[in-house]
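2 protein chains.
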Amino acid sequence: MTNTALAAADQGFEKSVDRLFDFVRIQSISTDVAYKDECEKAARWLVVELTGLGFSAEVRPTPGIPMVVAHYTPKSVSAKTPHLLFYGHYDVQPVDPVELWHTPPFEPTRRKDKDGVERMYGRGTADDKGQLMTFVEAARAWISATGGLPIKATFLIEGEEESGSPSLVPFLEANKAELSWDAAFVCDTNMWDPKTPAITTRLRGLVHEEITITGPRIDLHSGLYGGAAMNPIRVLTKILASLHDKNGKITIPGFYDGVKPLPSATKKQWRSLKFSDKKFMGEVGLAVPAGEKGKTVLEHVWARPTAEVNGVWGGYTGVGAKTVLPSKAHAKLTFRLVGRQDPQKILKAFQKFAKDLIPKDCKLEFSGKGGGTPASEISEDNAFIKKTSAALKSEFKREAVLIGSGGSIPIVRSFKDILGMDSVLVGFGLNDDAIHSPNEKYNLSSFHKGIRSWVRIMGALAE
Amino acid sequence: MTNTALAAADQGFEKSVDRLFDFVRIQSISTDVAYKDECEKAARWLVVELTGLGFSAEVRPTPGIPMVVAHYTPKSVSAKTPHLLFYGHYDVQPVDPVELWHTPPFEPTRRKDKDGVERMYGRGTADDKGQLMTFVEAARAWISATGGLPIKATFLIEGEEESGSPSLVPFLEANKAELSWDAAFVCDTNMWDPKTPAITTRLRGLVHEEITITGPRIDLHSGLYGGAAMNPIRVLTKILASLHDKNGKITIPGFYDGVKPLPSATKKQWRSLKFSDKKFMGEVGLAVPAGEKGKTVLEHVWARPTAEVNGVWGGYTGVGAKTVLPSKAHAKLTFRLVGRQDPQKILKAFQKFAKDLIPKDCKLEFSGKGGGTPASEISEDNAFIKKTSAALKSEFKREAVLIGSGGSIPIVRSFKDILGMDSVLVGFGLNDDAIHSPNEKYNLSSFHKGIRSWVRIMGALAE
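Order-wise, the sequence lines are chains A and B. According to my numbering, the first sequence is numbered sequentially starting from 2. According to my numbering, the second sequence is numbered sequentially starting from 2.
Source of the hints: derived by calculation from the structure; they are not laboratory data. Note that CB positions come from ideal geometry on N, CA and C, so glycine has one too. There could be a bad hint or two in this list.
Stated by the list, open to error - Calculated lysine-lysine pairs in the BS3-like style (CA-CA distance at most 27 Å, straight line): (1) Lys296(A) with Lys296(B); (2) Lys361(A) with Lys364(B); (3) Lys294(A) with Lys364(B); (4) Lys296(B) with Lys329(A); (5) Lys329(B) with Lys279(A); (6) Lys353(B) with Lys247(A).
Claimed, not checked - Covered stretches of chain B (in silico footprint by chain A; criterion: 3 or more residues with CB under 8 Å from a CB of chain A, positions within the stretch not fixed): (7) 203 to 212; (8) 220 to 228; (9) 235 to 244; (10) 258 to 264; (11) 279 to 292; (12) 391 to 399; (13) 403 to 415.
Unchecked claim - Which chain A residues stay away from chain B? Per the calculated CB distances, all over 12 Å, these: (14) Val49; (15) Arg218; (16) Ala229.
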């Protein structure tokens, strides 16, 4: 059955490109209210397409930009047929600076570049219209070739991802029963390289804090008071400088509670990636990894927590010199979390750590919004991971690598916390796709292999 | 002779107040070009007054606001008669916020307040018109009572002190021969308290530096790079936090070269001041002195050097959180210097200290303007100090205290470096005079005792 569907995908590929181009022409920029109608147009476009495939599809209102929800139940289902949620987003980034685009962002262009690679240029060709159309077109291939999908499927396609998904959590909470299935598949990530597929199984969590130290109650003259009055910058820098020891380890007591060592199989796989620490660091002008000694750069960014100062300020920061001994000093911090690190415990541990370092006449205030997101990790033994992995291998003739992402994808936590589902993150983007930048592109091969991969994954999931 | 002059000072005191009021009515704000004519008017007013006393007085042009230079040579001079320079400034601070003044700033008002103390209110009543008029009126008393001054005198009165004295150094250099005499007397400082006169014999020096650390060449996403890429804020805070050890001592190697221990006589005198560390610290909301353990607060601010961070900035400092790992972090520092600390050596020592703390792939830049001013200290055994001290004791029936000032008074360095003269800093201001603030005032007693003190000092210097 899968082979029949694959043949249909190949045969229909030119039309798949045409449809993607139609979709890209809709200027669904969610961050700018001027484009609200275009966003709604994109939602309706998806509903028409999915309805045409036999989905029961709807534009679902939210206080912001609507969701598209579409369900598909195949005619012949067994008790074992899994029901899976597929997630993508139809909104796109703004196009500024538009003068840097070589072709108009909403007039998608297909071009064979000088390196012989065929690419589609336009805003959303990759992020996330091109990516979500890989599973839409895979569904089309299955349905046109075999009369139906091999699995039960729900497509959830939002229109606010680029503006922080403000309606998503309430929507998931209000529609739990309709959206909670066996697992979620998220198509918004990249391949390891143009030849190597990847499944992202680790996402770091995140919690942030803001700290203000008050020394003297007013700004003082550094001559008249300097030496006697405690400078809050001195206190703040002492706290911030104490966060890491000389080996890059974070010194907050209890910070590593819940951090598990990397399984040796994973460690081995990551080593086999031949990831160049030198190249990765060199691209940003650095050479010496800042993380814990004895661990690789991939471990640093995928599997280890961080304590990062995102901003620091206090005293006089204008031009020239000013002999002020300031009253206040501030810093913003984020902690990236892994394993079972608890954001609330991390915040408390940091707060205690800071308190222990301030003189008793200085004041310490925390003004972070609290909250935070724990890390998301899906076991490599998870059946959905295994099936997806095998399907990708069939398509690419290479083992799919199980990678991490240093960043956070909040949807994954929401699927877990609200809907009780693990997420499998598979995407076909490449690091040079210039998503969020001028001249966003998606390789023809990303789109084609992406569709074929989903055909295979859907087939494998049914088994 | 001195007693005759004192009697004349008492007798003429009401007229001295009238003259000060005339002087205060001139709106000589040097920081605002709109008041340039008023500044020149104040200079001319002084020239008329001093010429009337028998000085050869002139308004002397500069590229900015003019100087007043006036010389007086008594009829009978001996080879031993000293020639002394008296310095003050006729320009005043702006008056904003003018709505906070209880009486108009340029309509001087004499008032007995509820505490029974008579005060003169108005901009410049203290700083520095009231203060400089103490030596002008003392000269008048000597001349009217005895027919002349007992010393040779040059009065140098500038009009740009409140705007950073841009013309002063070139003027001193261009007029060395005319201005280089046995010692300078500067009347722009305060008494220790309303009953205790003070001579400021120690001024800390100053040198500043600005440091920029570059980590990655561009701002990075703290998720994608956090853990691997070195955060320049981490490097900067390590440097800044390392400046002081846990006992408040500065750790830069060689920093204390040239710092002498406080003479035990001075230490004893400062102890006798019954200075309340608690009150001094409490006024600014603090309780724990930040300086070196085992030293008093007066030592911290008058006799010990500092390493102070005046400003720090880097990364995101706006509202809310931003997960940035910044490219750059910055700090501005000043070092207050004492004894024979050399500003250039201090800068070099700090630069080396910072260099030793940065990872080899990070960049370190210094952008301070260099320069700097060493400390000014005048020996307590200096003959002019001794004579001034004795004269003040006769007037106040109390020992004059030899104090320090944590701040820097650049004129003192210029007199030393350009004219080769030590400066004796005597003034009759009080800490609550609100100079630079609304409702600036000068106590009648400050003015009266000030005039009498200069009568005595001039007499003592002639002996």
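Could you tell me which of the hints above the structure violates, numbers in ascending order? 1, 2, 10, 12, 15, 16
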